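Engineer: So the chains spell out like this:
Protein chains: 2
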Amino acid sequence: MALLSVLTPVLAVVLCLVIGFMLVRSRDTETTSTSPDKTKAASKANLRPWVDQDLQDDTESRAREEEDGDWVDSNEEEDLPHVPYSPKRYTEETMLERTKDFYTLMNQRRSVRFISPEPVPREVIDNVIRTAGTAPSGAHTEPWTFVVVSDTETKHQIRLIVEEEEEMNYRQRMGDKWVNDLAKLRTNWIKEYLDIAPYLVLIFKQTYGILPNSKKKTHYYNEISVSVSCGILLAALQNAGLVTVTSTPLNCGPQLRVLLKRPANEKLLMLLPVGYPASDATVPDLKRKPLDEIMVHM
Amino acid sequence: MALLSVLTPVLAVVLCLVIGFMLVRSRDTETTSTSPDKTKAASKANLRPWVDQDLQDDTESRAREEEDGDWVDSNEEEDLPHVPYSPKRYTEETMLERTKDFYTLMNQRRSVRFISPEPVPREVIDNVIRTAGTAPSGAHTEPWTFVVVSDTETKHQIRLIVEEEEEMNYRQRMGDKWVNDLAKLRTNWIKEYLDIAPYLVLIFKQTYGILPNSKKKTHYYNEISVSVSCGILLAALQNAGLVTVTSTPLNCGPQLRVLLKRPANEKLLMLLPVGYPASDATVPDLKRKPLDEIMVHM
Numbered sequence: 646m647a648l649l650s651v652l653t654p655v656l657a658v659v660l661c662l663v664i665g666f667m668l669v670r671s672r673d674t675e676t677t678s679t680s681p682d683k684t685k686a687a688s689k690a691n692l693r694p695w696v697d698q699d700l701q702d703d704t705e706s707r708a709r710e711e712e713d714g715d716w717v718d719s720n721e722e723e724d725l726p727h728v729p730y731s732p733k734r735y736t737e738e739t740m741l742e743r744t745k746d747f748y749t750l751m752n753q754r755r756s757v758r759f760i761s762p763e764p765v766p767r768e769v770i771d772n773v774i775r776t777a778g779t780a781p782s783g784a785h786t787e788p789w790t791f792v793v794v795s796d797t798e799t800k801h802q803i804r805l806i807v808e809e810e811e812e813m814n815y816r817q818r819m820g821d822k823w824v825n826d827l828a829k830l831r832t833n834w835i836k837e838y839l840d841i842a843p844y845l846v847l848i849f850k851q852t853y854g855i856l857p858n859s860k861k862k863t864h865y866y867n868e869i870s871v872s873v874s875c876g877i878l879l880a881a882l883q884n885a886g887l888v889t890v891t892s893t894p895l896n897c898g899p900q901l902r903v904l905l906k907r908p909a910n911e912k913l914l915m916l917l918p919v920g921y922p923a924s925d926a927t928v929p930d931l932k933r934k935p936l937d938e939i940m941v942h943m
Numbered sequence: 646m647a648l649l650s651v652l653t654p655v656l657a658v659v660l661c662l663v664i665g666f667m668l669v670r671s672r673d674t675e676t677t678s679t680s681p682d683k684t685k686a687a688s689k690a691n692l693r694p695w696v697d698q699d700l701q702d703d704t705e706s707r708a709r710e711e712e713d714g715d716w717v718d719s720n721e722e723e724d725l726p727h728v729p730y731s732p733k734r735y736t737e738e739t740m741l742e743r744t745k746d747f748y749t750l751m752n753q754r755r756s757v758r759f760i761s762p763e764p765v766p767r768e769v770i771d772n773v774i775r776t777a778g779t780a781p782s783g784a785h786t787e788p789w790t791f792v793v794v795s796d797t798e799t800k801h802q803i804r805l806i807v808e809e810e811e812e813m814n815y816r817q818r819m820g821d822k823w824v825n826d827l828a829k830l831r832t833n834w835i836k837e838y839l840d841i842a843p844y845l846v847l848i849f850k851q852t853y854g855i856l857p858n859s860k861k862k863t864h865y866y867n868e869i870s871v872s873v874s875c876g877i878l879l880a881a882l883q884n885a886g887l888v889t890v891t892s893t894p895l896n897c898g899p900q901l902r903v904l905l906k907r908p909a910n911e912k913l914l915m916l917l918p919v920g921y922p923a924s925d926a927t928v929p930d931l932k933r934k935p936l937d938e939i940m941v942h943m
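For the record, the sequence lines run as chains A and B. Its first residue numbered 646, the first sequence is counted upward by one per residue in this note's numbering. Its first residue numbered 646, the second sequence is counted upward by one per residue in this note's numbering.
To be clear, the hints were calculated from the coordinates, so they are not data collected in a lab. Nothing here was measured: the structure is a model prediction, and the numbers come from that model. Any given hint could be a false lead.
Note that the list lumps identical chains together, so a pair holds whenever it fits in one copy or between two copies.
Taking lysine-lysine pairs in the DSBU-like style, the calculated list, with each CA pair at most 35 Å apart, reads [what the hints assert, rightly or not]:
#: 1; residue 1: 906; residue 2: 800
#: 2; residue 1: 861; residue 2: 906
#: 3; residue 1: 860; residue 2: 906
#: 4; residue 1: 800; residue 2: 745
#: 5; residue 1: 733; residue 2: 861
#: 6; residue 1: 745; residue 2: 733
#: 7; residue 1: 860; residue 2: 733
#: 8; residue 1: 745; residue 2: 860
#: 9; residue 1: 862; residue 2: 906
#: 10; residue 1: 934; residue 2: 745
#: 11; residue 1: 800; residue 2: 861
#: 12; residue 1: 932; residue 2: 745
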């Protein structure tokens, strides 16, 4: 009894330590199991097992923290000699006419998914890509690669990858409605134009470059730059009488990058099927906002 | 002594509970103080006290997780009737000529920081903005606002905000080199063209819209869409014989948004000074990559 009395405090201490330890452990477990990021990431990984690290591109957000201002403000360019620049100047009347004509031309542009299989001269596509390459870019990095695919088998491989992803998107998004709406939905994820269009233009952004000393060089604003370049490409296509539909199949990026043998610093930004419109092409009857809804003058 | 012996286990239990509680508390504190995100955010906040929540824009990354595919695949558009589309078609010869001419025109475009104060007809600017508004956008949201500033005092306010930010950038980035390189650097953060150019075009992306039921409607791909629109705007300016320099003064976004009275869903993406080039304008003597460095054919 005396022994027990002596041991009691020791037992109590051991018991308390065990309880304390369990308390700490339980908090750890709680933290882990309720972390929203980890739970989301885990469930995402289950849903889309093929989405790899490739998509975790935070180049833009980092760029915004580190660099601002004019895109020509790079250190490299500071050392370049300046040369006089005196482009063509038009009269006010000519300017009005030219801007009105260009607006009329561009306003006829529509996203078209019904593309004719007729061949288009390769030189026309070359000129269109050359034109896209005149876009400005952050620190003049020109961070774009235009992969022009006309090979039938490669186009078909691209279609398989894109449709698999699209189908997955629709199935996951629609849930119960899936079975009922199947007929309607099929028109969304079946993309015949990927086989039919004479050219598929896959636009990659180069998220970083490699310096002579093998170090990475961040390409600031690469996504914005490549998107600006894509705008000029759309203008060039419209000017040529060709059509396309702007698509951003980003979840297929890693697979398409591997298929097209592009290096790891390149991420797919857009996929544009290019050709003449099909003779029976249709477009949804939508309108554009009038000027006073998109412009404010001060 | 007997009383003490009886109380010992109780004291031990109390002591252990106190120790256990302190252990749990210390882990909480540790978690908080070593969280890299919070530490980074706090030190950032010290460096740039004026950078507000406005810049924390993760719309794009969320969009990528949730939505893919063609930009015209929105549910709203599925319900629109389709109409026939048969744009102008050119002969192969004409296509080659048109694409070559357009490339020549666009290849003459350069980013110009020496802008003439001469007035430019307002209608020309209207046509250029109209043209930018023909760009495609995710789910046809047209998520852009073009703020055209010609008021002298407003332009000067914009200059003060931009230069304050630019100066801060250069000072922080350059550190010790600052004092020595002052003369050279001044040319970088002094932006006279913001006072001189007859127009400043500030391009805002609408990160979300407001539905009739007052709920937010995510604008998918708003940054890519607005950048594409900017590419078409650059083409329209070049076609008119006007010049600009593409700048992305993102850290001034919140201040400029307030100055220009834009709503909270709009974030500044680009600032373009627009006008004729100055008669003594110069540009850095840089070259563009040749076609075989930007295009791959398969």
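Engineer: Please write out, lowest number first, the hints stated earlier that are contradicted by the structure.
Structural biologist: 5, 7 and 8
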